[in-house]
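Build out the structure end to end from the sequences listed, making use of the hints.
Using the numbering used here, count along the sequence shown one by one with no gaps and you end on 1167.
It is worth saying that the hints were derived from the structure and are not from the lab.
Note that the structure is predicted; figures quoted are calculated from it, not measured.
There could be a bad hint or two in this list.
Said to hold, decoys possible - Here are the computed distance ranges between Cβ atoms for each label pair:
id : residue 1 : residue 2 : range
1  : A1117     : E1095     : 16 to 26 Å
2  : T1014     : G1140     : 36 to 46 Å
3  : E1089     : F1047     : 34 to 44 Å
4  : G1141     : P1116     : 31 to 41 Å
5  : Q1071     : E1157     : 18 to 28 Å
6  : Y1142     : I1059     : 13 to 23 Å
Claimed, not checked - Each computed DSSO-like pair below joins lysine-lysine, with the alpha-carbon atoms no more than 27 Å apart:
id : residue 1 : residue 2
7  : K1022     : K1043
8  : K1129     : K1090
9  : K1090     : K1022
10 : K1090     : K1133
From the three backbone atoms N, C-alpha and C, an ideal C-beta is built for every residue, glycine too.
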Amino acid sequence: MANTTVTGALAIHGKNPQFLVETVIRNRIYESSYWKEHCFALTAESLIDNAIQLTYIGGVYANQRPTSFISLLLKLLQIQPEKEILVEYLRADEYLRALAAIYIRLTFPAVEVYGLLEPLLKDYSKLRARDTGGYSLTFMDEYVYSLLTEERLPLPFAQS
1008 MANTTVTGAL AIHGKNPQFL VETVIRNRIY ESSYWKEHCF ALTAESLIDN
1058 AIQLTYIGGV YANQRPTSFI SLLLKLLQIQ PEKEILVEYL RADEYLRALA
1108 AIYIRLTFPA VEVYGLLEPL LKDYSKLRAR DTGGYSLTFM DEYVYSLLTE
1158 ERLPLPFAQS
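The structure is reproduced here in C-alpha cells:
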C-alpha cells in the first residue's frame, strides 16, 4: 500500500497521478528514509502533522535527494484528498498552503486552479526554498505566480 495509488483514484491527464513525478525521482522518494518513516499509511488528516513540520519547499537537492516537500506531494498524489480538504489546506500554515497549491496546479482543471490560487497572490508570507544550489528565500505570492504562469513547474515532474 505504501507505494500504490488508492483504489478508485481518478486518472490525472490520462495516467496514474504518481506518474506526474519523474520515475527516477519517484523511485528515490520510495527509497528515502523520510518516505519509509513518515509517509507510510498517511491519510489526508495525518498528512497535516507532517506538512506543518516542513521548513522549506523544493524538489531535490544535493545529489538528487528528494526533499520532504516533494515526498509529501507524492503522498498527496497517491491519496487524492477531496477538494474540500484541499481548500482547508489553503487556509493553514504556509508550507501546507504551498503543498496544496502545487497539488491543485498539477491535478485540477485550469478554471479551478485560477479560482483557488488567485487569492494566494495577496499572501506575502516568506517561504524557504531548497534546490541543488542550496537555500533561497521566496514569498508565497511569487511562488503562486510561478505556478500560475510557468509552463514547466519548479520541481522535477514528468513531461505530459
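Here's how the hints hold up against the structure:
no., hint, result
1, A1117 to E1095: 16 to 26 Å, "holds, 22 Å"
2, T1014 to G1140: 36 to 46 Å, "holds, 40 Å"
3, E1089 to F1047: 34 to 44 Å, "violated, 22 Å"
4, G1141 to P1116: 31 to 41 Å, "holds, 36 Å"
5, Q1071 to E1157: 18 to 28 Å, "holds, 21 Å"
6, Y1142 to I1059: 13 to 23 Å, "holds, 19 Å"
7, K1022 to K1043, "holds, 25 Å"
8, K1129 to K1090, "holds, 21 Å"
9, K1090 to K1022, "holds, 19 Å"
10, K1090 to K1133, "holds, 25 Å"
Of the numbered hints listed earlier, the single one contradicted by the structure is hint 3.
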